[in-house]
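Listed below, chain by chain, are the residues.
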Amino acid sequence: MNFVQRIILLIGLIFPLCAHAQTKVTLNFNGANFEQVVEAIQQQTVYHFAYSESKIPKHQVSIKVEKEEAVKVIDQLLLNSGYTYSLLPNHLIVIRKNAGGMETDSVRFLKEVVITALGIEKDNDKVGYALTTIKGSSITKARESNLIMALQGRVAGLNITGVNGGPGSAARVLIRGVSSMTAASPLFVVNGVPIDNSIRGSANEYGGADYGDGISNINPDDIETITILKGSAASALYGARAANGVILINLKSGGENSKAKFEYNSNLAFDVPVNSTDFQYLYGQGAQNKRPADLYNAISTGLLSWGEMMDGKLTPQVDGSMRPYAPVKNNIQTFYRIAPAFTNTLSLVGGNTKNNYRVSVSNLDYNSILSNGALNRKTLNFYGTVALSPKISLSLTGNYIYEWNKNKSYLSDGPLNPNYGISALATSLDQSILAPGFDAETGFESRWNADEYKTNPYFLMNKQADHASRNRYISSAVLKYQLASWASVQGRIGYDSSWDELVSILPTGIAFSINRQGGINAYDQNSTSELNSDILFSATRNLSDKLNLELSMGANYRERKGNSEKIKGSQFKVPYLYTPENLITSTKTLAISRIVTESAYYTADLSYQHFLNFSVTGRYDIYSTLPANNRGIFVPGVSGSFIFSDLLKLKALNFGKLRLDFAKTSGEPIVPYTTQIYYTVDDQVNGTPVGGFSSDLPNYNLKPFTLNEIEAGLDLKFFNSRLDIDFTYFNRVTHNEIINAKQSVTTGFTSAYVNLGETRNAGIELALGYTPILTTTSKWQVNLNLTKVKNTLLSIDDNSNYTLTGTYRPLNANTALVVGKPITQVMAYDYLRDASGNMIIGSDGIPKRGNFIPMGGTMPTLYGGITNSFSYKQFSFSFLIDYRFGNKILSATEYYSYVLGLNKATLVGRETGIVADGVLENGQKNTINVPAYAYYPELATNISALAVLNGSFIKLRQATLGYTFNNNFLKRIPFCSIGIDLVGRNLFTLLKYSKNIDPESQFSPTLGYAGIEGASLPATRTFGVNFNFKFK
Amino acid sequence: MVMRKWCVLGIFFLALMGSCSKAKLDRINTDPTKLTESNYDPNSLLAQAQLKYANLGYYQLLYQSTMMQLLASTYYYYNNGDKYINVGSFTDYQGRIFDEGYKDASSIREMQRLARLKDPVAYKNLIAIGDIMFVLVLQRITDTYGDVPYKEAVKAMQGIKYPVYDRQEDIYNQMLNDLDAATAQLDTEKPGPTADLFYQGDVAKWKKFGYSLMLRVAMRLTKSDPEKARQWTEKVADKTFTDINDNAILLTDASSFNSQNGTSLALRTFSDYLEVRWSKTLIDQLRNTNDPRLSVIGEVPKDGLAKNADQNLNGNTDAAVQLGMPNGFDLQGGATDISHSPNYPGGTGSGSDFAPLGKYSRPRTAVYLKLGGPIFILSYAETEFLLAEAKVRGWNISGTAKQHYTNGLTGAIQSLAQLDPSATVDANKITAFVSQNPLDESNTQNALASINTQYWVATGTNFNFIEAWLNWKRSDYPKLIPINYKGNVTNGTIPRRMIYLSTEVLNNPQNYKDAVARIAGGDVLTARVWWDK
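Protein sequences, first through last, are from chains A and B.
For what it's worth, this note's numbering labels the leading residue of the first sequence as 16, then goes sequentially.
For what it's worth, this note's numbering labels the leading residue of the second sequence as 297, then goes sequentially.
Bound-form chain A, shown alone (with noise of 0.2 Å):
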């Protein structure tokens, strides 16, 4: 027995199966779609089928049969359809048009085709490098107003958080591990079109609030299938921008020799707040161990828990009122509401033999749990394809998105913000008190802390006029030419623009302004475009009987262009009227940026006896962002993979793949403009010129950067595909990484751009697909993926060793990129101890502080999910648990609990006080006694490390109950199929470290702030129900 054999009988033991491979089927269908049927085909039985969507029956189909062989219902039903089929090993049929269509069509539907880079189909059996293909159906039912979160956990390699902001906010994605020092979002690609996913404004440390993202204007009902492109040798192609992984998204095509037909999905879920929160309520409002004694103190310590043991006794609060003293636990159940989420899709799609469409409206309304917030996003949709001859086909997509956002929340820790209220107030404060938050004469913000820079919450419910508003169009025209039989050459323009408005107001009577008479914070009026135009050449070889050859060659012009134009300005002259020309002083900035990038590409796939695939990929791109003697690079890329199921035919083995890949990928600085210093006239004094100039120092040199990866993988299916490995090494370095790094102001300059980084990522994912259970009437499947990533800095350039990324407020302890350690680090100050391990204590009797330094990686180095489906007759139930482990937090919330006195960690001393345990610096042991209230927020501020937090979790993501309608049922009505489903999303937390906050709260989706933590939204739980009616 060899060792292939040894490993696949070991495997056999572990997973029994029940042994009797299905092939009978019983139907019962009345005016089903014949995808359906096929599906329940593929349910019931061992079959897999391939088949192209687009390109199946579409006559409807009634069909009544107990216990039937399966290839004669599809002998049945394909009857003078103009379809066929064939029977290949491994219970694979392939369905495909008769013979009389062209040569290629039929060569290319014996094959599970998936769609690669450049939107080149190809033979997932003979594909060289991972990839994973989601369907558009398994993120609809239980939704997320970016679309993208619902990949959370599903995808091996995928690592994704999005930031607590409310509806539309923006998300980070990240493709194995941070690839770059600057690693951004994948490369977006809808339809062989790139999109722009540029963020629109996300929070920092002082403040800010998030605008979303490019994805999420996508409906996700409009997609037909996501394809993550994961290594660089699946993303080569693109180029630069897929340095960071590509995510393509096929949107659903019209319906070939079908009538017209509906379908309408109707979604109603409700965001419930969670309190994540673990204080003390033993210790009321206060400061000095005092509670407010009047109106005065109750003010100053609105923000402040260090008073007295609450006691019930009437108080004076922030209002004038008197109260109990006793505990509020739950201000942020009663201060944020349980917002409802409404989204509606109708969609008709038919055509005949030519031509062909689809075309979709959809209505969003997901409303914010802060009650002043809420997103409407409208798009409309159209897919259209004419065959204008026999070889000329011209397909056109266009979709429109409207998107509003309606008082976008400030986050972290600025003005503006109703989180970072909620969130501290005094143990003993009821939120309600604080309502309307406004003079009812004046108009004037009611005071209520010591700091008006944190502003009244209800305030900002009342009061608050923040609007973005984006009107996007993304657009692709297709022409392709069939040159022959073998050869085809395609044109396409991709066009992708929005215009997007922000009005950010400071209204009349917010207390920080000047003289209470507000501004505005942002009035901005932006357009962004991104036009791709590429023209595709494509032809297919028989070399020999055994030896096939598939070439494309390409290129493609890319050029993107931004328009901004901003006002901000102080002082409204007459209250209320919110606009540029009432302010006393504003300013206005106008910006253009240009981005122009042109490429040529070309991919060679070499193919022996189906089981032997050798493919080669080629690029050369000019970037414009570059200094004229750097712009040029060429990048190569091979991969190859072998089938070798197809020589050991092992029964139990279905298909066994192995794959080898490595490429290279270029890089380009992400703005332009970095090759020389600019100078401005930022401002006048009097009439006087006020000149500025740019604070980073440019680089004359500057040269693409380049990332080298191999990868090696595995793909095995066993067991009549009931088992399915997918196994992925991969070791990813770059290098020459373009970074603007931080430099001491003493320089002169801030920053530099240089041109010397290198980081690698190294690590495994692994899929796992298994069916314990398979019978006629219910099925289990377990999918599980998991990723493990070491991520290394291994130079930022000669000699730094480090480089600053984002803090947090209270500044005492940063994110940066650390030589030697992963992308990015957590650095704090540590204790300071003497040789024999005794904190050091001040003379102020609080801990010194220590070292400044490394605390641990912002990113997860183990995560994934396990997804459990069960389906029983009618009913479908599934769960998904996703994980994430090996990641720290730097948490504002946990430093202010400090300092505020709500961590439970406060409660020691505050009768006594506290005399540290250690060593005055003269060796002596401390005998100084500090009282609670002046220990711990000089402990926090002094030792950091007490912010930092481990970030692991696991969740309950995700659960789904679904019910479709049977066709008995279906026969009176109008519709060939039903299907409710109840939903649930971030449900439960599983496990979790962090005492007093959600593990995974973020305020901004940059990586320089990735792991940072403060003031924003509280996490959700999503409670939800879906509809879909499909007409007849």
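No false leads were mixed into what you were given.
Listed next, the in silico SDA-like pairs over lysine to any residue satisfying Cα-Cα at most 25 Å (straight line):
| id | chain 1 | residue 1 | chain 2 | residue 2 |
| --- | --- | --- | --- | --- |
| 1 | B | Lys330 | A | Asn716 |
| 2 | B | Lys782 | A | Gln295 |
| 3 | A | Lys305 | B | Ser637 |
| 4 | A | Lys863 | B | Val812 |
| 5 | B | Lys655 | B | Gly630 |
| 6 | B | Lys782 | A | Ile855 |
| 7 | B | Lys782 | A | Met324 |
| 8 | A | Lys583 | B | Phe553 |
| 9 | B | Lys414 | A | Gln691 |
| 10 | B | Lys782 | A | Val923 |
| 11 | B | Lys348 | A | Ile582 |
| 12 | B | Lys782 | A | Gln939 |
| 13 | B | Lys318 | A | Gly577 |
| 14 | B | Lys318 | A | Ala570 |
| 15 | A | Lys757 | A | Pro642 |
| 16 | B | Lys414 | A | Ser710 |
| 17 | B | Lys598 | A | Thr457 |
| 18 | A | Lys757 | B | Val812 |
| 19 | A | Lys581 | B | Ser552 |
| 20 | B | Lys348 | A | Leu826 |
| 21 | A | Lys757 | B | Arg409 |
| 22 | B | Lys318 | A | Ser548 |
| 23 | B | Lys320 | A | Pro642 |
| 24 | B | Lys535 | B | Gln714 |
| 25 | A | Lys561 | A | Asn139 |
| 26 | B | Lys451 | A | Pro642 |
| 27 | A | Lys863 | B | Arg824 |
| 28 | B | Lys318 | A | Ser608 |
| 29 | B | Lys330 | A | Ser213 |
| 30 | A | Lys588 | B | Thr661 |
| 31 | A | Lys718 | B | Met453 |
| 32 | B | Lys414 | A | Val696 |
Some, not all, of what chain B presents toward chain A, calculated at C-beta under 8 Å:
| id | residue |
| --- | --- |
| 33 | Tyr371 |
| 34 | Ala449 |
| 35 | Ala631 |
Here chain B is said to cover these stretches of chain A; the calculated rule only asks that three of the stretch's residues, wherever they fall, bring their Cβ under 8 Å from a Cβ of chain B:
| id | stretch |
| --- | --- |
| 36 | 460 to 473 |
| 37 | 759 to 767 |
None of these hints come from the bench; they were simulated from the model.
We treat Cβ as the ideally placed atom computed from N, Cα and C, and that holds for glycine.
Starting from the structure of chain A, add chain B where the hints point.
Okay, now just chain B, sitting in the frame of chain A:
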């Protein structure tokens, strides 16, 4: 047939690409909304450096204003300076003079680089003024922190990524030499700077400014190197400011969003407006000497919280009712609540309109909180007080100590009118006050105490708090009684330096560590800079 197809394909391809030439790509990568060095006038960078140097706002309020007991506040923002405790989020203000200073220095050097590149002769004065500005900026930095980069500062363009922290002693030698050379370069026959917010291009005034600054630099050395202080003081004594019209003042612009007066903006913020008052120490000093400034600098707000908060409502300026607020108190209801302060006068208003600080004098809104108000850089009063001290020390300069002292005192009071005409003190009152308060020359210490106390009053009433602090460190006058608040980080002493900008630990680690190793006591508020023995 096949060939024709290929040709069609090729043409389509080219049309599609519209392939760009090198020049076109260069143009695409040039920001159309900004200027490049070839078409930029370096003058406007002078205005940038001046505005940013002067317009510090909170940077001077949070520490120096209350540390020097010129202002006092119960508001926790000010606890750093008022009570010497670290208020978590605001300790970064300690590093702002450093941070902002080097940015200003960078503007100056970039201005000079462009000027030299374009026309070193035509821009001769601008280049020399740049050197004077550089010293002005760097002196404030080194006086605040101690050893800092000077020789290698702002030389990123020359490839210096990690500037060495020079010893303060060396910096002082270099500053004096640089000032000497730059002032000599100034040529009144050549055009002055065209974007000059101090003197509107008056080169003669810049010459006086150069010498006056040299006097201040020299006089800082009285503790650590009195001999050098003497040499340089004697060298410049006759060339400094001659009256208050020479005062270097920057006028901010109320109509400009980015150039409004930062201090006014800060103090007009709601809590600041309610809780920042003149300090008891300053008001008592004025009252005890019958100083006529008492009736122009302060106002007691009208009764009640609402009226306290109304920035359009003038208060009572009557000297008799002015009352300074003691430093070191809060409004939190504990032992240090202002109501427990000695002689607490009570508040005004009642119920929800109660203003607990309502009887204390605040800086007059109409004088000090103008959004387009002036900022004092260097004044005639300061230079005259320094000359008075030099004379008291027996150095060889013209005039008498008494005369210089009288000039200083007169100049200080007269210059209040430069803040706002409503702060003008009647000339007769000034003369009367000055003659009633001659310099006490009974002994050197008394003389030094009088001079430097008046220096403190002059800079304090000009809202130049940083200079008040620096001269206090140098002279140790006036004798301020420190606050000892629970949880303070200085053992109840007034901070004598600021902590380096925190990012230096990361961005210039070795040089930072070397500099810290040279400070007795480490990088803390209680350590002293070299000249502050």
